[in-house]
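Asker: All chains, please: the whole structure from these sequences, using the hints.
This is what each chain is made of:
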Amino acid sequence: MERADKRFGFLCSLPILVVLALGFLAPLAVVALYSTMPERVFGLAHFPTFEAFRTLVEQDYYKSLLWSLGMAFVATCALFLLCWPLAYAMAKVFRSFTLAITVLVVMSLFVSENIRLFGWSLTLMKGGLLEGHARAWFGIGFDGLLYNVPVIVFGLVYVYLPFMLFPLAQGIAMIPDDARQAATDLGASRWQVLIEIDLPLAAPGIAVGSLLSFVLAAGALAESKLLGGQAVIVIADEIETAFTYSQNWPLGSALSVVLIAIIGCLVTYGLARVNLDAIIGRNR
Amino acid sequence: MVGSTILKLDGLSKNFGAFQALQNISLEIFEGEFLTIVGPSGSGKTTLIRLLVGMDEPTEGEIRLRGKRIEGTPANKRPTCMVFQSLALFPHKTVGQNIEFPLKIRREPQDRRQERANELLDLLRLPRDYYHKRIAQCSGGEQQRVALARALAFDPEILFFDEPLSALDYRLRKALEKELKDLHERTGKTFVYITHSLEEAMVMSDRIAIMNAGQFEQIATADQIYAKPVSKFVAEFMGEVNLFDIDGSERSGIAASALHSRENLNLGLVDDEFGTLMVRPEFIRQIDGEGNSDFWVFGKLRAEYLLGSRLHYEFECKDGTTLTVEKLREDRLSCVAGDEVLLGWDVENTHLIRSGG
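If you're matching them up, the sequences are chains A and B in order. In terms of the numbering used here, the numbers along the first sequence are unbroken and rise by one, the last being 284. In terms of the numbering used here, the numbers along the second sequence are unbroken and rise by one, the last being 357.
Just so you know, the hints here were simulated from the structure itself, not pulled from any lab data. What you are looking at is a predicted structure, and each value in this text was computed from that prediction instead of being measured. Be a bit skeptical, because a hint or two may be false.
Claimed, not checked - Pairwise CB distance ranges (calculated):
#1 A:194 to B:4: 34 to 42 Å
#2 A:80 to B:239: 30 to 38 Å
#3 A:270 to B:77: 35 to 43 Å
#4 B:340 to A:176: 52 to 60 Å
#5 B:28 to A:270: 50 to 58 Å
#6 A:191 to B:42: 45 to 53 Å
#7 B:112 to A:270: 29 to 37 Å
#8 B:11 to A:109: 50 to 58 Å
#9 B:19 to A:12: 24 to 32 Å
#10 A:123 to B:68: 55 to 63 Å
Claimed, not checked - Derived list of chain B stretches under chain A, where covered just means 3 residues or more per stretch with a C-beta under 8 Å from a C-beta of chain A:
#11 78–86
#12 101–110
Ideal Cβ positions, reconstructed from N, Cα and C, are used throughout, including at glycine.
Answerer: Shown next, in the form of structure tokens:
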């Protein structure tokens, strides 16, 4: 019986396994192979070298990588602080209003990310919505708020909000109310309930939300291009340039491999530590 | 062992909109006693305990802990705590960390906490190596003990219980009831227990408070409540009972249609007074002729049930009402279903519930 179930499960998952193998693993393998080719070649039939990785270090490409990871980290922290109260209210306080918030947040995803970012660009630029009105009404002109690092982080926070909000609300919904009440009854202050009960019990949601936001923000390109101008070059920008303008596929591949490796380690580590079942006390 | 008043409720009311969950409740709880508040679901007992532990505030009235008003004090500032119906153990903490929780909140040093946790494991007869066990690895009964140990680690002035045994199977519940009573004696703490199960209340409590529709019907020892209930509600709530409505204006106070009594019997009801005559099923016996007991009825045996050591009979009286009789197995009645027999009992085994004029 169990064997039959396993067979059936395998058969059902076969289509997606084929798609993943062809559409996900195969390109990854090609990228990994290209990263070991000599620079500026367009074939895989060369003797492997690590030239591209040397260029990556020597020509300061690692700085773009650090900028991307750094901004993604700051954006993730900001998202967590911003989303916690709202997610808490959605999971524990609001009733039918939660649905309204969900619909509103999801609706923002219906409009393409680039178009929404252009909207912000028009709002924040010199002569745009904010600065233009400030000048017309109060006579105060300023340089516009675009083209700096904070505005890129703002863009990341704005675009990836749903990816933090929903997992977080899910995680908070898992906190049993009676555990919070019992902790209060046993003398815990609000702060102690947050540290001792809320955060550990919502950990799976926090982990999933943070990983999603971080991974997406680390590979983000549009925010830095549309809002940041040339303030900093992010890693995704460098990869795109290497593959297109510079026609240096091995370098682009090497940059991709490093980014994938870092994020892959992070996700594996994060998800392994926060085992959903262990957290809520099942299995083990 | 039972001492001075520790908790005093005075004129306590709680409204939810137009609904009065608690109506003008007053109660004194004494130091070191085991008081059980019993009532059917919806009687307001959960609302009451939420007020007592500080999870809710009363609409009106006072709660005094050793003379000091506490009704506005939040739960985390009160020296009392509760064992929840769901136990509310922290699933992400080990048994030891659960027990230590109140001490951690008070920032006691780790070695002191662990020492106390081990003492409590001993007190509740859990092995010390459970300290590192996960909550999910413990059985229902063990989780019960962990919840108790955690509450005792708090060292509360009063320990409240919100039906913590209701989810357990019968045998385990019986064993834990006795353990809880034993624990009460060993710790000398004041226990206030809430349940809908009268059996549970009778086994454990020094006093029982019967609650109905947001008010106390009667507060007394289990024995008093069983033998001398003040209302029909209490009489019926305290297990099987036979009740006959009687009217003082009729001949010697007896007017129930199926009930006969001796001519000169005086129950003390005056004219225009109504009452209910109560007789517990274990006091009814089979008699040979009318007048061989103070009261008698004719009953047709409808059914017989075996309840382990006892037998439970249901008779149908002439007016269609049901009379229940209970006998020990060795005192089995000599009749079968369909037989009509004469059943009687004496006045000293009855109790009169007065319901006014």
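Asker: Now tell me if each hint is right for this structure.
Answerer: Do the hints match the structure? See the list:
1. A:194 to B:4: 34 to 42 Å: holds (39 Å)
2. A:80 to B:239: 30 to 38 Å: violated (57 Å)
3. A:270 to B:77: 35 to 43 Å: holds (38 Å)
4. B:340 to A:176: 52 to 60 Å: holds (59 Å)
5. B:28 to A:270: 50 to 58 Å: Given a distance of about 56 Å, which is inside 50 to 58 Å, the answer is holds.
6. A:191 to B:42: 45 to 53 Å: Given about 36 Å between the Cβ atoms, the range is violated.
7. B:112 to A:270: 29 to 37 Å: Holds, at about 35 Å.
8. B:11 to A:109: 50 to 58 Å: holds (56 Å)
9. B:19 to A:12: 24 to 32 Å: violated (52 Å)
10. A:123 to B:68: 55 to 63 Å: At roughly 58 Å between Cβ atoms, residue 68 of chain B and residue 123 of chain A fall inside 55 to 63 Å, so the hint holds.
11. 78–86: Coverage by chain A holds here, the residue count being 4 at a Cβ distance below 8 Å.
12. 101–110: holds (count 5)
Consistency with the previously given hints fails for numbers 2, 6, 9, ordered from lowest to highest.
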